[in-house]
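Student: What follows is each chain in one-letter form.
Number of protein chains: 2
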Amino acid sequence: MNIYQVAELAGVSIATVSRVMNGSDKVSEKTRSRVLQVIDEVGFTPNVFAQGLGLNTMHTIGILVPNISDIYMSSAVAYLQDSLAKYGYDLLLGNSGFEQEKKEQQTALLLSKHVDALIYVGSTYAGSGKDERETDYIRRAAEQVPVFVINGGVDGDNIYSSVCEDEAAVYNAAKVLIKKGCSKIWFLTDSRSYSAIKKRTGYERAIEEAGLNPVQLHVDNRIHKVRDYLLQHDDLNFDAVIAGSDAIAIGVMKYAVQKGLCVPEDIAVIGYNNSELALACEPELTSIDNHTEQICRDTVERMIKVFEAGGAENNIKRKLTVPCELVERGSS
Amino acid sequence: MNIYQVAELAGVSIATVSRVMNGSDKVSEKTRSRVLQVIDEVGFTPNVFAQGLGLNTMHTIGILVPNISDIYMSSAVAYLQDSLAKYGYDLLLGNSGFEQEKKEQQTALLLSKHVDALIYVGSTYAGSGKDERETDYIRRAAEQVPVFVINGGVDGDNIYSSVCEDEAAVYNAAKVLIKKGCSKIWFLTDSRSYSAIKKRTGYERAIEEAGLNPVQLHVDNRIHKVRDYLLQHDDLNFDAVIAGSDAIAIGVMKYAVQKGLCVPEDIAVIGYNNSELALACEPELTSIDNHTEQICRDTVERMIKVFEAGGAENNIKRKLTVPCELVERGSS
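From first to last, the protein sequence lines stand for chains A and B.
Using my numbering, you'd call the opening residue of the first sequence number 596 and step up by one each time.
Using my numbering, you'd call the opening residue of the second sequence number 596 and step up by one each time.
Note that these hints are calculated values from the structure, not bench results.
One thing to keep in mind: the hints can contain errors.
Chain A is faced by these chain B residues, among others (derived, beta-carbon under 7 Å) [what the hints assert, rightly or not]:
#1 S664
#2 D685
#3 L687
#4 L704
When the alpha-carbon atoms are kept at most 27 Å apart in a straight line, the in silico BS3-like pairs for lysine-lysine are as follows [to be verified]:
#5 B/K697 to B/K914
#6 A/K697 to B/K681
#7 B/K900 to A/K708
#8 A/K681 to A/K725
#9 B/K625 to A/K900
#10 A/K697 to B/K708
#11 B/K820 to B/K779
#12 A/K900 to A/K914
#13 B/K779 to A/K621
#14 B/K900 to B/K725
The structure displayed is predicted, hence computed values, not measured ones.
Where is the CB? At the ideal position from N, CA and C, for every residue including glycine.
All chains, please: the whole structure from these sequences, using the hints.
Tutor: The structure is reproduced here in structure tokens:
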């Protein structure tokens with residue numbers, strides 16, 4: 596039973612049901628008693644009901660991810676939910692894929708569910724950075740509710756973004772490898788997103804500063820696909836790899852096993868995201884931790900502040916940057 | 596912009612807006628033109644709008660998982676979405692945790708969002724099997740919409756469940772280990788759910804049939820936690836482990852590394868779910884594949900049939916069992 600069914604049974608609008616529940620005096624006594632009778636008859640749970648009553652606050656936050664089966668994104672959603680629950684907010688999740696049209700559709704779907712805010716998880720939502728129109732749908736959404744973008748920077752009113760310092764992180768990781776004596780350091784990624792571009796920039800800067808040669812490969816994000824792709828090539832001569840994800844890094848380690856090469860002696864490997872996968876392999880994987888938990892917690896806290904400020908006009912910081920951390924393990 | 600805002604701007608109920616969009620003749624010409632004018636002024640996207648119009652079908656399915664950061668559950672959600680998208684359905688996801696109260700709250704929340712059906716992912720929703728009242732909330736939900744339970748059996752009208760044959764799967768896995776000469780086969784799990792009980796039953800049956808001694812440990816589901824727990828004990832003398840998840844199995848492999856033991860020579864290890872983790876470790880992990888992708892696809896197909904049948908009275912199978920498969924790799 597929900598507010599719409601109560602409205603239908605009582606023969607009134609949902610706005611009227613809402614007024615009755617909120618004790619508004621704009622409802623006639625006759626209508627009030629009819630609505631209360633229906634609520635009584637159907638045995639409502641007032642707590643659940645109350646959430647849906649104020650048409651302007653369902654205490655529900657819409658979260659969009661491109662791929663919920665990705666270990667980084669599913670962890671982020673779990674962290675967000677933990678933080679949201681502390682403030683009494685529930686979440687509705689949309690899985691949008693990476694295509695522009697689906698991102699826009701899922702945004703419209705969540706908005707139609709009366710969410711109080713939208714959180715986009717993943718740099719894909721910030722587009723490639725080449726064409727501002729790619730992010731117009733986010734600015735349109737921000738006309739309705741506050742919008743938060745995790746790991747991607749988007750400009751506009753009522754839009755708050757959190758980015759981790761991917762460029763500095765990869766720059767530093769490359770410097771660590773160079774210091775260890777690696778001279779053929781390759782960069783492997785499956786993405787052309789905002790954050791992938793920043794990672795690449797950091798990589799190129801470190802490599803070129805050291806007078807070395809940058810080599811980049813675009814690969815799949817699945818362990819065995821990466822291994823098999825590398826095994827098909829005879830001309831690989833890297834002594835270190837920085838990967839855009841932990842799965843890609845582990846694909847490189849699988850390639851090393853097949854080739855009889857040792858990690859880290861013959862090939863040093865650094866992954867990204869510091870996910871559970873980094874602990875599953877042997878040696879365990881050095882990985883760049885982008886502090887997803889902290890970013891998620893900060894995002895929810897800023898969201899609550901925006902709600903408290905009561906509008907887009909506030910002095911809450913629009914862009915937040917969080918440093919990444921290189922978690923060194925046996926693979927480098 | 597959504598149907599509620601259109602209704603508010605036009606000064607009519609959402610039911611009236613719906614009637615206008617559906618071309619109903621129960622609306623006066625004056626009201627109709629007012630609503631259409633508002634829709635025109637606010638620049639509606641009819642496609643998105645149309646989804647929310649029929650009050651009885653939002654083309655949205657509610658999905659509940661206990662823990663979205665679990666690799667098994669996030670994969671299931673991704674598979675479900677792939678199948679749902681083929682039929683034009685979107686999904687809303689609730690992350691309920693494992694507590695009874697939160698399961699009930701999240702169910703109410705999703706129902707309040709006008710979902711067309713509910714899908715519960717994970718055997719935790721089927722309770723421990725000891726007290727039927729644990730699943731009353733599912734039967735209550737099924738009074739409103741068709742309910743589908745993945746990997747858990749729940750009895751009741753309008754409830755459809757899919758279970759994989761966990762008992763047979765673990766029974767067969769134990770037999771394979773016995774045939775290979777293992778005689779001290781332990782069972783490690785983090786769960787006391789419906790499916791964990793079935794796994795344990797299969798384990799005990801095989802071990803006792805072979806005249807061996809069943810030993811079970813209740814552990815955490817995180818790789819390093821499992822390793823550290825085992826390292827604290829001096830009295831472990833297993834030569835094989837069947838684990839309730841891949842993460843637990845990899846925890847056992849990490850313990851073996853620390854102890855200088857070889858997998859599979861000293862300890863054979865079999866995991867559960869055949870997740871990405873099973874490919875990350877070395878040797879790669881033998882794991883029981885519970886065919887999540889197939890179960891998810893079958894669930895969506897049955898759901899569409901239930902919708903087509905138009906009610907709880909139909910001859911669509913209520914319980915579906917899917918056999919599991921032992922995917923043998925280097926760890927056993």
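Student: Hey, B/K625 versus A/K900, does the alpha-carbon distance stay inside 27 Å?
Tutor: violated (44 Å)
Student: Starting from A/K681, check that the Cα of A/K725 is at most 27 Å away, please.
Tutor: Measuring from Cα to Cα gives roughly 38 Å; hence the hint is violated.
Student: Under the criterion that the straight-line Cα-Cα distance not exceed 27 Å, is the pair B/K900, A/K708 satisfied?
Tutor: holds (26 Å)
Student: Holds or violated: A/K697 and B/K681, Cα atoms, limit 27 Å.
Tutor: holds (13 Å)
Student: Mind checking the CB of B/L704 against every CB in chain A and telling me if the closest is under 7 Å?
Tutor: At 5 Å from the nearest chain A Cβ, B/L704 passes the 7 Å test, so the hint holds.
Student: Quickly compare the C-alpha distance for A/K900 and A/K914 to 27 Å and report which way the hint goes.
Tutor: With Cα atoms ~14 Å apart, A/K900 and A/K914 stay inside 27 Å; holds.
Student: Does B/D685 pass the interface hint, meaning its C-beta sits closer than 7 Å to a C-beta of chain A?
Tutor: holds (5 Å)
Student: Is B/K779 within 27 Å of A/K621, Cα to Cα?
Tutor: Measuring from Cα to Cα gives roughly 75 Å; hence the hint is violated.
Student: Can you confirm whether the C-alpha distance between B/K697 and B/K914 stays at or below 27 Å?
Tutor: Roughly 26 Å between the alpha carbons, so the hint for B/K697 and B/K914 holds.
Student: Taking 27 Å as the top limit, are the C-alpha atoms of B/K820 and B/K779 close enough?
Tutor: holds (22 Å)
Student: Please work out if A/K697 and B/K708 have their alpha carbons no farther apart than 27 Å.
Tutor: holds (21 Å)
Student: Is the interface hint for B/L687 satisfied, with its Cβ closer than 7 Å to some Cβ of chain A?
Tutor: holds (5 Å)
Hint compliance for this structure: hints 8, 9, 13, 14 are not met, and every other hint is.
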